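J.: Required output: the full structure, derived from the provided sequences and hints.
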Amino acid sequence: MIKITNLCHLFKGAQDPTLKDINLQVREREHLALIGPNGSGKTTLVRHLNALITPQSGEVEIDGLSCRKASHHAQIRRMVGMVFQNPDNQIVGMTVEEDIAFGPGNLNMKADEIRQRVTDSLQMVGLAGFEKRSPFELSGGEKQLLALAGLLALNPRYIVLDETTSSLDPGAKGRVYDMVKTLQAQGIGIIQVTHNMEEAARADRVVLMKGGLIIADGSPAEVLTDVDRLKKLGLAPPPIVELISRLNVMGKHGIPAVLSVDQAADWLNRKLAGSGPDFNNGMNGRI
Amino acid sequence: MYKLGQYVPASSLVHECDPRIKIVAMVLLSLLILRLNLLGIGLVYILVLGLALLARISWRDLWGASRPVWPLFLALFCIYLFFTPGAPLIHIIPDRFYISQEGLASGSLLVGRFWLLILAAEMLTMTTSIAELTVGLQKLLEPLQIIGISSHNLALMVSLAFRFLPALQIEMNQMRDAQVARGANFDSMRARLRAVKYITMPLVFNIIRRSEELVTAMEARGYKPGIRSYLYEPALDGKDCLALVLIGLAVFAAWWERTLIIQ
Ligand SMILES: Nc1ncnc2c1ncn2[C@@H]1O[C@H](COP(=O)(O)OP(=O)(O)OP(=O)(O)O)[C@@H](O)[C@H]1O
Ligand SMILES: [Mg+2]
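Chains as they are written, first to last, in the working numbering: chain A, 1 to 287; chain B, 288 to 550.
Rather than coming from a laboratory, the hints here were simulated on the basis of the structure. Owing to the predicted nature of the structure, the values given are computational and were not obtained by experimental measurement. A few of these clues could be false.
DSSO-like, lysine-lysine: derived pairs with alpha carbons at most 27 Å apart [as the list claims (entries may be wrong)]:
hint: 1; chain 1: B; residue 1: Lys511; chain 2: A; residue 2: Lys69
hint: 2; chain 1: A; residue 1: Lys231; chain 2: A; residue 2: Lys173
hint: 3; chain 1: B; residue 1: Lys526; chain 2: A; residue 2: Lys132
hint: 4; chain 1: A; residue 1: Lys20; chain 2: A; residue 2: Lys69
hint: 5; chain 1: B; residue 1: Lys290; chain 2: A; residue 2: Lys252
hint: 6; chain 1: A; residue 1: Lys210; chain 2: A; residue 2: Lys173
hint: 7; chain 1: A; residue 1: Lys271; chain 2: A; residue 2: Lys252
hint: 8; chain 1: B; residue 1: Lys426; chain 2: A; residue 2: Lys20
hint: 9; chain 1: B; residue 1: Lys526; chain 2: A; residue 2: Lys110
hint: 10; chain 1: A; residue 1: Lys231; chain 2: A; residue 2: Lys210
hint: 11; chain 1: B; residue 1: Lys526; chain 2: B; residue 2: Lys426
hint: 12; chain 1: A; residue 1: Lys110; chain 2: B; residue 2: Lys290
hint: 13; chain 1: A; residue 1: Lys210; chain 2: B; residue 2: Lys290
hint: 14; chain 1: A; residue 1: Lys252; chain 2: A; residue 2: Lys232
hint: 15; chain 1: A; residue 1: Lys231; chain 2: A; residue 2: Lys20
hint: 16; chain 1: A; residue 1: Lys132; chain 2: B; residue 2: Lys484
hint: 17; chain 1: A; residue 1: Lys12; chain 2: B; residue 2: Lys511
hint: 18; chain 1: B; residue 1: Lys426; chain 2: B; residue 2: Lys484
hint: 19; chain 1: B; residue 1: Lys511; chain 2: A; residue 2: Lys3
Facing chain B, from chain A, some residues (calculated, C-beta under 10 Å) [claimed, not checked]:
hint: 20; residue: Asn50
hint: 21; residue: Leu52
hint: 22; residue: Asp63
hint: 23; residue: Arg77
hint: 24; residue: Met82
hint: 25; residue: Asn86
hint: 26; residue: Asn89
hint: 27; residue: Thr95
hint: 28; residue: Ser134
hint: 29; residue: Leu151
hint: 30; residue: Ile188
Backbone N, C-alpha and C fix where the C-beta goes; we use that ideal spot for every residue, glycine too.
T.: Below, the structure written as structure tokens:
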């Protein structure tokens, strides 16, 4: 489990702290979406998780290991894999396979074991056949997938994706989503920083940050259906959520909160057919 | 057309040769080339061109890749040709400015020699990937640990230097495009010179920022200085040993053969 308690962070020379008393726990097998406007501190928070920033005050523990101790850092970095916002600056190798081999090489693995990991992780992200290509000649989205493969090769316990999917096409986004679910089933915890609310809707849990504080933490249905709050923060709620919310405001239709087009279609279909009970989204019809 | 130093993947005896052997051969050959006379250099040309055949690299590509050094060699040759005193061969301005026999001889020797060094280096880089080169270098430098220098760190330094070359080029192109999109023009020589100012400063800052981010990404993937392992582990086989023996014999034979050496 990742355990963050009373974490604060003030950048040198900054007026206001970037993180103000953050408390958060992430379990194994959890898919958590971290959302919030630009500059709300998401990247700063997740950088603590693999000890790239050590806590100034408060505590960050990964499976019981404190990030405050420098002697834990190597192990923590192996346990928490991280894909950064800008894929260009994560390329180390001159070919795709060499780049992925960098992490396992740091662990001093044998050559054939490294080879196996390279093959497996390329397969997972759907870049099989790219082994000999130059990473610099890949498209932005392919670079993101490469960075992801580089991290999978380390067999981490938790994965942090910092806006990893922002430049992926729907197909690759879907592939990453499937992968997230597969990894989750293997017991890996996933923390996904995203500006895409539809993506956040597919997580198990959504944490909303603003100005260095966590202002909401709950199921997607709880956090993402608060359309007014999201819009005030400059975040775009999923269009289907906004549509339903507006319909309810206009006509007191009492449509239950939904998160996806599928759920909405399901409810509407039943309603139009004039049959049966209302769609149950697990929230007892609360909007 | 290949660039100078570009790897050309293929399957050949030369490609499959252990990178350590190729590096050692390249160093030995370079030392030898500096001592050979015209006849000796001619023989090594035949050797290098023969190796190119063996490596399935066409002579045209080998020649084409050395384009960037042509102007330099031409300039060197002319300087020797026109400014070496000696027995006049062709007069340009009678008794004042002439091409001497000595000038022709030493100019051709110098350029022939440097060109050979370039071709030999090309043979190494065209048949050996950066990964193989770095691992080869790391293994060869391993003994340095006696004096406290980590061969792993040196090898990483070399590969990172190579890694930044394409990054630098891409960065520069992007910056130029961005400035062209904002109305800059790079058509005239003057405009280009002026643009240097607007390119270099941001370029330097970007590279520094990029290196910092790269270090962070490397740390996030568990990098720590010191011993590490590689995807590619070279292993000497019979063919490699034979190659080493042959190269060694050839180099030392040439070294002691007085007719091939500058007296
Ligand atoms: N190295 C730094 N030095 C000083 N201030 C910083 C530094 N890094 C980030 N900040 C500041 O901290 C705040 C939070 O930044 P952070 O990158 O965590 O935001 P974010 O939520 O990830 O935003 P985005 O959605 O744009 O990625 C910002 O106001 C930023 O200017
Ligand atoms: Mg960020």
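J.: Hint by hint, say whether it matches the structure.
T.: Hints and how they fare:
1. In summary, the hint linking Lys511 of chain B to Lys69 of chain A is supported, as the alpha carbons are separated by about 16 Å, within the 27 Å threshold.
2. Note on Lys231 of chain A and Lys173 of chain A: the hinted pairing holds, with a Cα-Cα distance of about 24 Å set against a maximum of 27 Å.
3. Restraint check for Lys526 of chain B and Lys132 of chain A: satisfied, since their Cα atoms lie roughly 25 Å apart, inside the 27 Å limit.
4. Taking the CA atoms of Lys20 of chain A and Lys69 of chain A, the gap is near 22 Å; set against the 27 Å cutoff, the hint holds.
5. Note on Lys290 of chain B and Lys252 of chain A: the hinted pairing is violated, with a Cα-Cα distance of about 70 Å set against a maximum of 27 Å.
6. Of the pairs offered as hints, the one joining Lys210 of chain A and Lys173 of chain A holds, with about 26 Å between alpha carbons and a cut-off of 27 Å not exceeded.
7. For the suggested pair Lys271 of chain A and Lys252 of chain A, the alpha carbons sit about 15 Å apart, so the restraint of at most 27 Å is met.
8. Note on Lys426 of chain B and Lys20 of chain A: the hinted pairing is violated, with a Cα-Cα distance of about 50 Å set against a maximum of 27 Å.
9. For the hint linking Lys526 of chain B to Lys110 of chain A, the alpha-carbon distance of about 24 Å falls within 27 Å, and the restraint holds.
10. Taking the CA atoms of Lys231 of chain A and Lys210 of chain A, the gap is near 13 Å; set against the 27 Å cutoff, the hint holds.
11. Using a Cα cut-off of 27 Å, the hinted pair Lys526 of chain B and Lys426 of chain B holds, with the two alpha carbons roughly 19 Å apart.
12. Using a Cα cut-off of 27 Å, the hinted pair Lys110 of chain A and Lys290 of chain B is violated, with the two alpha carbons roughly 33 Å apart.
13. Proximity of Lys210 of chain A to Lys290 of chain B is assessed by CA-CA distance (about 50 Å); at most 27 Å being required, the pair is judged violated.
14. For the hint linking Lys252 of chain A to Lys232 of chain A, the alpha-carbon distance of about 23 Å falls within 27 Å, and the restraint holds.
15. Of the pairs offered as hints, the one joining Lys231 of chain A and Lys20 of chain A holds, with about 23 Å between alpha carbons and a cut-off of 27 Å not exceeded.
16. Distance hint between Lys132 of chain A and Lys484 of chain B is unfulfilled; the C-alpha atoms sit about 37 Å from each other, more than 27 Å.
17. For the hint linking Lys12 of chain A to Lys511 of chain B, the alpha-carbon distance of about 26 Å falls within 27 Å, and the restraint holds.
18. Among the hinted pairs, Lys426 of chain B with Lys484 of chain B is inconsistent with the structure: their alpha-carbon atoms are about 42 Å apart, more than 27 Å.
19. This hinted pair checks out: Lys511 of chain B and Lys3 of chain A have alpha carbons roughly 26 Å apart, not beyond 27 Å.
20. The beta carbon of Asn50 of chain A comes within 6 Å of a beta carbon in chain B, closer than 10 Å, and the hint placing it at the interface holds.
21. Below 10 Å, beta-carbon pairs count as interface contacts, and Leu52 of chain A has one with chain B at about 6 Å; its hint therefore holds.
22. Because the closest C-beta pair between Asp63 of chain A and chain B is about 16 Å apart, greater than 10 Å, the hint is violated.
23. At about 5 Å, the closest approach between the beta carbon of Arg77 of chain A and any beta carbon in chain B falls short of 10 Å, and the interface hint on this residue holds.
24. Interface hint at Met82 of chain A: satisfied, since its Cβ lies 5 Å from the closest Cβ of chain B, which is below the 10 Å cut-off.
25. Interface hint status for Asn86 of chain A: upheld, as the beta-carbon distance to the closest one in chain B is roughly 7 Å, under 10 Å.
26. Hint on Asn89 of chain A holds. Least Cβ distance to chain B is approximately 4 Å, under the 10 Å limit.
27. Satisfaction of the interface hint for Thr95 of chain A is found here, the shortest Cβ-Cβ separation to chain B being roughly 7 Å, below the 10 Å cut-off.
28. A distance limit of 10 Å between C-beta atoms decides the matter here; for Ser134 of chain A the minimum to chain B is near 7 Å, and the interface restraint holds.
29. The beta carbon of Leu151 of chain A is positioned within 10 Å of a beta carbon in chain B (closest approach about 7 Å), and the interface hint is therefore held.
30. Interface hint at Ile188 of chain A: violated, since its Cβ lies 16 Å from the closest Cβ of chain B, which is beyond the 10 Å cut-off.
Going through the hint list in order, the structure does not satisfy hints 5, 8, 12, 13, 16, 18, 22 and 30.
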